[in-house]
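*Asks:* Taking the hints as your guide, dock the two standalone chains into a single complex.
If you read the protein sequences in the order shown, they are chains A and B. Once you know that position 288 of the first sequence is 276 in our numbering, the rest is easy, because the numbers rise by one and skip nothing. Once you know that position 224 of the second sequence is 256 in our numbering, the rest is easy, because the numbers rise by one and skip nothing.
In short, the hints are calculated from the structure, not lab data. Hints are supplied without guarantee of correctness; some may be wrong.
To be verified - Below, simulated SDA-like cross-link-like pairs (lysine to any residue); rule was C-alpha separation at most 25 Å, straight line:
id: 1; chain 1: A; residue 1: K119; chain 2: B; residue 2: S486
id: 2; chain 1: A; residue 1: K204; chain 2: B; residue 2: A505
id: 3; chain 1: B; residue 1: K517; chain 2: B; residue 2: A498
id: 4; chain 1: A; residue 1: K119; chain 2: A; residue 2: A134
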Amino acid sequence: MTLPRRSLAALAALPLLPWPARAQAWPGRDLTGIIMWGAGGATDVVARAVTPAAEAALGARIVLQNRPGGAGAISTQAVHAAASDGLTLLYGAENPQLHKVLGLSQIDYADFFPVNVLARGVAVIVAGRDKPWNSLRDLVEEIGRAPGRLRMGATGPGGLPHVVGAMLNAVTPIRVISVPFDGEGSGLTALQGGHVDFMPVGLAAAAEHIRAGRVKPLAVVNPEPLASLPGVPPVTADFPGFSRYLPWGPFYGVWVKRDVPAPIRERLVAAFRSAAATPEFAALMERSGNVLMNISGEEADAFLRRWQSVTAWLLHEAGATRRSPDEFGIPRP
Amino acid sequence: MEHFLLSWTNPSLLALTAAGTLAGIWIGAIPGLSVTMAVSILVSFTFAWDLNAALAVIAGVFTGGVYGGSRSAILLNIPGSPAAIATALDGYPMARRGEAGAAIGLSTLASFLGGMVGVAALALGAPAIGEVAILFAPRDYLLLAVLGILLVGSLSGESLAKGLFAAALGVALGMAGLDPMTAEPRFTYGSVQMLGGIPYIAAMIGLFGVAEALHQLREPEALRATQRIGRIIPPWPRLKRHIPLTLRASGIGVGIGALPGTGGDIAALIAYDHARRGTRAPEVPFGEGAEEGVVAPEAANNAAVGGAYVPMLTLGIPGDAVTAVIIGALFVHGLRPGPLLLTETPHLFWFTVGNLALANVFLLLFGLAGARAFARIAEVPRAVLIPLILVLCAVGTFAIRNSMADVAWMAAFGVAGYLLRLYGFQMAPIILGMILGPLMDASWRRTVIAAGDSLAGAAAEAAGSAISLVLIAAIVLVLLRAALKARA
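The shape of chain B in the complex, shown without the other chains (with noise of 0.2 Å):
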């Protein structure tokens, strides 16, 4: 207990972890600049401190920046992060109609909830929950990639055809590249630059922040809404409305962080899903900037951070890209991060719950702080907000690798995304396909390939194993009320 308390009354490691959040909500606001990039800086910068000082800001950073990724998406349709692209979908409209400063106040509290529900699942079930993540199989994941694609049907807009296009696309822009398992390039054309492949995250910079700007070029003046900034937290009752989603969205993200092969990304877009399939009369329709769409989201992404430390912690298995430089960080600092670390360094694990859970008290404080100014920005005229924003995705972008290369990718998506939209497709979908595609592909082979080139063999194994059984139940019940929607 006086580990989990240590970062609340230590005051160097309170200003550090305030100072981590603040910096991490800035930098998951900025497209392309990652957490796992700040965090991977902070490691040599933080080569020489305390170890306790260097985990305080890390989970700042780390809490902050998932959380920062829906301000952009909120004030300005661009996902700070592929973990904020479901909060764009109904933020974004939300801050349309006026109603930035609630979006982002829903948006604190659901990630304020979220996290305290993935510390608390760290807290209390941390061995237990990375156990069972480690059973999934690579069939599993296929699984779990395939119940992601079928989102495709939440996220297509106006047309179901037209999103499935995008996925498609999506899908096939995700191929390029070295391919994971032969080594053989894939779409490369002859080009070195090309064996990286099309990083998703400039095709998202592109396909939402410079399509979005060259969309806004064609709108009057006139149709920008005035913001009421007056409450930036809801009214009670109709919070009290949210819970219930908030925690089902939190157990989804804690579930998808756990795994090693998935995070905050997947974890946001199934709970947007989710939310949209269960919310019965929405006040607003999903997609026009339903209150719902912002929560579930939110509270998914953030919740899968503390998921994510739950593998790292008890196995010294990386629940995502962020925790698999932590463990990186453990190593310089002179731990032995593994399946031994909890029973050797038992105070450790109590220090980082409790400093999570710091972080995520200062992302509360900071979020809604900060709510009203930046509820302005939505309200800064197109002529100044523009070329802003056009630096800014030229900036994030490069930020990714240093190529020049990707900052081109990323202006021909956004000119190729605003001629899209002009035609009604969505976004969204593209990315869905670019995120799920290659998992897809990887895990389809690599199931099929264990059971030494058989299908038969691979569906022998499914049937025998509880959770590719339980998957499989949730892909049938969701195309099945999807065909009843259509018959009805």
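Same shape as in the complex, but just chain A (with noise of 0.2 Å):
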């Protein structure tokens, strides 16, 4: 034997040398990117344009699967289940948030790392062509004089149209009948039909109906209002109640589990920082009505705590949840 002593100290003392030194082979394989949405969906369109640049900064490839279910809670119990290797990446939208107060799983995002909050949506109230209302004040005094008579589009509970409702009802008492579609889409396409007489709704998915003329915007939910809906006046113009609630919106990015070591968080957060800030990304966000956001680590968990305050206490004052917002430690907004 004429290793040096000082080689085999090292040899043995491999498995404990700190994370930077063996994150340099980092990655070494394929990532996993799981997306909790279906394919062809909003979540899923941001993850499928984000991706090809990330992978270009990152040098690796990100292969891609669709795992929907359970609002979402399916893939993000698996990726919570998987290794802490950053090699798994959850691509997600804001329904996690709300599991614990909805009763749905115990996981949401305080257990993990904020990669990247790529962009914000903002919900637009819109209405049917053909109906008399030109503003949201107009509408809300058409409930009043026949309360539990309107039908207003909805997705389920914890949706975008459920907590914009509830912000509505917080401002100014309202009834109305909320009829749940299976999702944004079905929900427009009922009030185009005439089944339905008002919806919030993201503007990613109404933004070309509206500029069609074949629904009417009534209010951006938004403190300002929207360049690219000129004319159309922010909720708080009618109701400067809202503004507490604002700014307020569906939201998609990027996480790996909370205990993924450092340097790889780092090299993750740079390769997808770059990723979004290509302008085919900021293009495509534009286009679809979405503000980009493109923040990462403490910034984005202040997001990301202040929005699940915001809607959890919301809802639960609503009566809309199984469980109290205090039960989770969930500070009031």
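*Replies:* Have a look at this one:
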């Protein structure tokens, strides 16, 4: 044995080496990206659009899989159950932030590290094109004249229409029939067929129908008007009380488990930051009516906590939760 | 017109459409690999491509994939996709009689003709069909689902009671998972996996594929028919007889395909039922290898492709899951899919129409060219075939949503399906229940909720709607005919 004593000692110490030394070889194999919603949905489109540039920046392939089901709970649990090696990414939307209070799952984004919150959607309240209302105030007055008669398109508990409806109800009590559809697309279809009267909906889903004049925008659920929807007032114009909930909207992002080693997190953050900054991605977000965010780490965590606090308490006060946000230490907004 | 012919005359687009169609036939033939999945992968894959090239491949894969499902249905009794379930009912018995080649030939011709009717409807009637399709209210989807569930009568085999039991079982299985309207977990027993429900494709692969493999193990080897593959295309007088049925089934396919809430799977089942009720004297009884039972569903599911494009291109509303993905693809490629797509980019419409027509021509070519070789699969010895089927079933099920739990479901359905078959239960009503159950559940509740929790209100609304009245009349007619038949 001519092996110097020093090399032997180094060999023995190899498993004890700090992470930075070992992370040199990361990723070493293809990454897996698990998409929370099905093919063709908003989350899917965002994920598939941002990934090619992130792959280039990372120098590794990311194999994307859709694993929908349980309003995102299934893929959230799958990524949570995977190893903390940063090789399994979660492409998700806002849904897990409500899973605790809706009693669906005990896992939310507190258990994950936000690699990037890519973009935020803006909600807009639209009505059928032949309706006489021209503002949100008109609609609210009509609801007041015939309480419990007008039909609002919705997408189920915790969905965007439900939350915006709860905001409106908190600002000015309204009583409407909320008809749940399979998604925003089916709700908008029903609106155009005259089966519901109005619907709060993501601008991404409604933009083209608004542009074609097939649905009538009454207000954007945002503190300021949007450049992409000139002439449509913010909700705060008619109902200033809305401002305490805003800005609010669905969001899309990429997460890894919270305990992934810091050097790996940093590489992922850098890769997705540059991918989300490409002009192609920015243009896609603009076209689809989303606000580009491209935030990560602390900044993203703060955004996620505020979103959860506003939304969970709003739903709780509307009587739509199964568990109180208090039980999970979610602070009041 | 020049845009219509673009993909016919441009060599690279021609080649891409051909490649897409061929790939689609293979993807469609493998149970579990779905067209939706293939198209969504293509969206990433074709991200940097020219838009026309991407759309050419997608149209090919869509057309080929819907057709491909019939291959495995006929040869192995495993529908490659839910839209091919009805094809298996008579296609597989034909193959068992040694007429696999003829069944493939018929399904190819019917798919081609159905596909062309779909394209023609898209080209000539798109805006009008789209506007009618969105008028369907939740109650109309409920009525449509009720009309669909009456199919049990046609799918039950020897005993209606057993058919009803199987369909009810399917409905109950379809309820598992997160309630789409209240997010209440149903039959999940605290498992997060179960929140996603039981995928009906896993059930379909188990009930048809695995159960069939187990069933075959019981038969002596000698029973395998030698395939008569001399004639793939049936003689003209026989073909001529099927043309009216093909056209009627295609009409059903276009209509159901254009509805935003229903697709090729329901279209094929309703067309099968139509054929069964409408054919006075089939040469061979339905369920034992009637040619009409292959022609009708195959024409309908390919006509549904053109139908699904109708609301997508005219209104920006997807007609089914695949067109939903195509809308995403258009977005990624810088277009604005919506009601203005037709006015702002009319060339896209004609390009798509031309492209779909071209894909149907390739479907005809590839379908007939491969028929002889494929028919031989029905002669492969069981010792080779059965292990292959089982591997294919496991891989295909895993591919649905990359879940081992689904593979376990598939295996369990296989064993359960084998036992049910031994006691004379049919598999098709179970899948029918799983597909239509959730549609009925959601539409029923949506109807009643929208009427302010009032049944009378919902009934009054139905009485005031032409679409609802037509559907109610259709249901009454089907029930009356069944009652008259029972008395005769």
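*Asks:* What hint numbers does the structure not satisfy?
*Replies:* Hints 2 and 3 not satisfied by this model.
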